[in-house]
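Q: Given only the sequences and the hints, what does the whole structure look like? Please build it.
Per my numbering: the sequence shown = residues -16 to 99.
These are computed hints drawn from the structure, not numbers from a lab.
Quantities reported herein were computed from a predicted structural model and do not represent experimental measurements.
Yeah, the Cβ is synthetic: ideal placement off N, Cα and C, and Gly gets one too.
Hints may contain errors.
Derived CB-CB ranges, DEER-like [what the hints assert, rightly or not]:
1. Val81 <-> Cys33: 14 to 22 Å
2. Ala2 <-> Asn86: 34 to 42 Å
3. Glu58 <-> Val81: 21 to 29 Å
4. Leu0 <-> Phe37: 32 to 40 Å
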Amino acid sequence: MVVRLEETMCLLRHCRLNAALTIQLFSQLFYYINMVLFNWLVSSSGIPYCSRAFGVRLRTRLGHVNEWAYQRGLELAAECHMDRINQAIILLVTPKTVDQISNLGATCYKLNSVQV
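A: Have a look at this one:
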């Protein structure tokens, strides 16, 4: 995924697209990535993957996207538009102890009770 994002960035720079439009385009791409991953995860086809091990793998892979966005100055767009999937990953990887469950309410504020 990072390779495709980098190819898109190179194309936009080659075409000398305005920086504001570049940010808007990547904001839409980050929103789309978030939407597809989150909807898949909460759908019936994603239920077998709702485990701590898969959450760790997904966190690692999205970490690469976040790192790429940070290096390109797009960290605010990535953070804003991929917040919901990042919170779902936090929910998956957090140990389910009594202490941790009370903290999840403050951490996963973008998820509603049905999604949790």
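Q: If a hint holds in the structure, say so; if it doesn't, say that too.
A: Results of checking the hints against the structure:
A hinted range of 14 to 22 Å for the beta carbons of Val81 and Cys33 is consistent with their spacing of about 21 Å. For the pair Ala2 and Asn86, the beta carbons lie near 38 Å from each other, so the given range of 34 to 42 Å is met. At roughly 34 Å, the beta carbons of Glu58 and Val81 sit outside the given window of 21 to 29 Å. Checked against the hint of 32 to 40 Å, the pair Leu0 and Phe37 passes, with Cβ atoms roughly 36 Å apart.
Against the hints set out earlier in the document, a violation occurs for number 3 only.
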